[in-house]
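Enquirer: Residue strings, one per chain:
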Amino acid sequence: MIAHPVSTAKTYIFVWLSLLGLLLLTLGSAFLSLGAFNAVINVGVAFAKAILVMIFFMHLRSGHYILRIVAIAGFFWLAILIGLTFTDFATR
Amino acid sequence: MSDSAAVLIARQYDDAQQQRSAADLGIWVFLATEVLFFGVLFAVYTMTRFNHPEAFASASRLTNITLGSINTAVLLTSSLTMALGVRAAKLGLSRPLVGWLCTTIALGIVFLAIKATEYYLDYGEHLVPGLNFAYAGADRHAVELFFYLYFLTTGLIRCIWSSVSASSRRLPRWHRAAHIVPRTSRRSR
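Here the protein sequences come in this chain order: A and B.
According to this note's numbering, the first sequence is numbered sequentially starting from 1.
According to this note's numbering, the second sequence is numbered sequentially starting from 93.
It should be emphasised that the hints constitute simulated quantities derived from the structure, not laboratory data.
Here the structure is a predicted model, which is why all the values come from computation and not from measurement.
Quick reminder that beta carbons are idealized off the backbone N, C-alpha and C, glycines included.
Misleading hints may appear alongside valid ones.
What the hints assert, rightly or not - Between beta-carbon pairs, the in silico distance windows are: (1) A:G44 / B:T155: 16 to 26 Å; (2) B:R103 / A:A46: 39 to 49 Å; (3) B:G216 / A:G35: 23 to 33 Å; (4) B:S161 / A:V40: 18 to 28 Å; (5) B:F122 / A:A46: 14 to 24 Å; (6) B:S152 / A:T85: 19 to 29 Å; (7) B:Y137 / A:F37: 11 to 21 Å; (8) A:G21 / B:V132: 29 to 39 Å; (9) A:F37 / B:I157: 12 to 22 Å; (10) B:I157 / A:I80: 28 to 38 Å.
Unchecked claim - Chain A side only, calculated, beta carbon under 10 Å to chain B, not exhaustive: (11) T8; (12) L24; (13) L32; (14) F37; (15) F57; (16) V70; (17) L78; (18) T85; (19) F89.
Looking at chain B on its own, in the form it has when it is part of the complex (with noise of 0.2 Å):
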């Protein structure tokens, strides 16, 4: 892919690195109000426990702990192919950006699948509250199985937009690292 393009720089910024610099600003501002959305959750959690520490005792050792290390290792792995994309799309690699997202999202698609299997043991084992649930216990379940869903889809949904335009050649461009842009980048107004 050619380097002699300039990258796309909106109006209301001075030059690419400006811009870069904004987006980083935006999306991690983002990321601290997606904690305190997901806050609410932790903060649920730990008071329930405080309540009833011997409920959750007794319900997280009918969790399957192999299938639920697994699925967290999966977790991760996928987070080093992102990063790993992500620097890829730094370097101005296209293909290795492309395979790097597509890995994430084969990986996010396996830790779906390994999350159905757990919710179809548990079916099996009357642990899903609302349909046959047979265990007195805190029914957080119904919550996890929504944010969990909401969580991986909307990240499958990025993945597999940002791979989908990352192959069309125009992307690369926009996120490349600032400092690898020509200083001959600046938009005449």
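Here chain A stands alone, though its shape is the one from the complex (with noise of 0.2 Å):
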């Protein structure tokens, strides 16, 4: 196991920026009407959010990998949760 190194302040202060950024941009696209890409545009913001908040305020870069795996097996089985009982849904 490695030891994880600190991040600069700067880091997370990129981050914090970054995270308003796209807030500004979920704040876009509530005034504009797009349609279904409204949903499409906030969800993929919302997904952005969560990965950048995970790997640099969670240490997931810094961390060891076995931890990036147990990340993504979560979302794995999130997506299992919601995919599959999609398809019930989307074929009635």
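Assembly of the complex is requested from the two constituent chains, each provided in isolation within its own frame, with the hints serving as guidance.
Expert: In structure tokens form, the structure reads like this:
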């Protein structure tokens, strides 16, 4: 197991600014009506924000590789949950 | 604060680094279970939205954009202050850690205050399900409220506890990054 280095405060502030930028993106999509694409933008931005927070604020980048596997596994099972339930609803 | 004493190592671990890695792995497994726990909520949201898109569209138009965006920004900032607090803990800085934890708690309280205002405004517009609901639509607000408060108060209580114990000199050694701890930390059995 490797020791994890400590990120600089500048990295954290940069990630925070990116997160605020993504928030402005969703704000913009709230004011523009683009039909179904709005939902795509919002979910995509939410996903990007979650990835940013997990990698930088929760130290996935500097931790052991097994932490990343566990994180991916959690979202994999979530995908199964939503995906397989969706197959029922989408084919009615 | 002194660097002389060793980190407390539980009996089953060889060294501080292994203990730290085990703690990290345990937290992440817990987080994966939490993702699934709240994932049920996400699944319900997705299915309901798929089945009733126009209801969701018209209901979301009734939410307060200003308060909601400010709340999101408050949450993101509290993540930043929490990450900076963890960084201070890893560097062994006890007082900045307490400062960042208190800032995170304060931002959490600000979030709750703004949320309370939002719900008060919703109540004024007859959008609170079960109380004076006068709009036929999805009734996920009650569940939302429950989970918001559950999440926030759990996080707040954790921050308060960490802040109290961090200010008592003992905890920063526990959380200090393993590579800063000197090699003499092996406990004799």
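Enquirer: Confirm or reject each hint.
Expert: Hint by hint, here is what the structure shows:
no.: 1; hint: A:G44 / B:T155: 16 to 26 Å; result: 20 Å, holds
no.: 2; hint: B:R103 / A:A46: 39 to 49 Å; result: 43 Å, holds
no.: 3; hint: B:G216 / A:G35: 23 to 33 Å; result: 31 Å, holds
no.: 4; hint: B:S161 / A:V40: 18 to 28 Å; result: 20 Å, holds
no.: 5; hint: B:F122 / A:A46: 14 to 24 Å; result: 22 Å, holds
no.: 6; hint: B:S152 / A:T85: 19 to 29 Å; result: 22 Å, holds
no.: 7; hint: B:Y137 / A:F37: 11 to 21 Å; result: 19 Å, holds
no.: 8; hint: A:G21 / B:V132: 29 to 39 Å; result: 31 Å, holds
no.: 9; hint: A:F37 / B:I157: 12 to 22 Å; result: 19 Å, holds
no.: 10; hint: B:I157 / A:I80: 28 to 38 Å; result: 34 Å, holds
no.: 11; hint: T8; result: 8 Å, holds
no.: 12; hint: L24; result: 9 Å, holds
no.: 13; hint: L32; result: 13 Å, violated
no.: 14; hint: F37; result: 13 Å, violated
no.: 15; hint: F57; result: 4 Å, holds
no.: 16; hint: V70; result: 5 Å, holds
no.: 17; hint: L78; result: 4 Å, holds
no.: 18; hint: T85; result: 6 Å, holds
no.: 19; hint: F89; result: 5 Å, holds
Of the numbered hints stated above, those contradicted by the structure are hints 13, 14, listed in ascending order.
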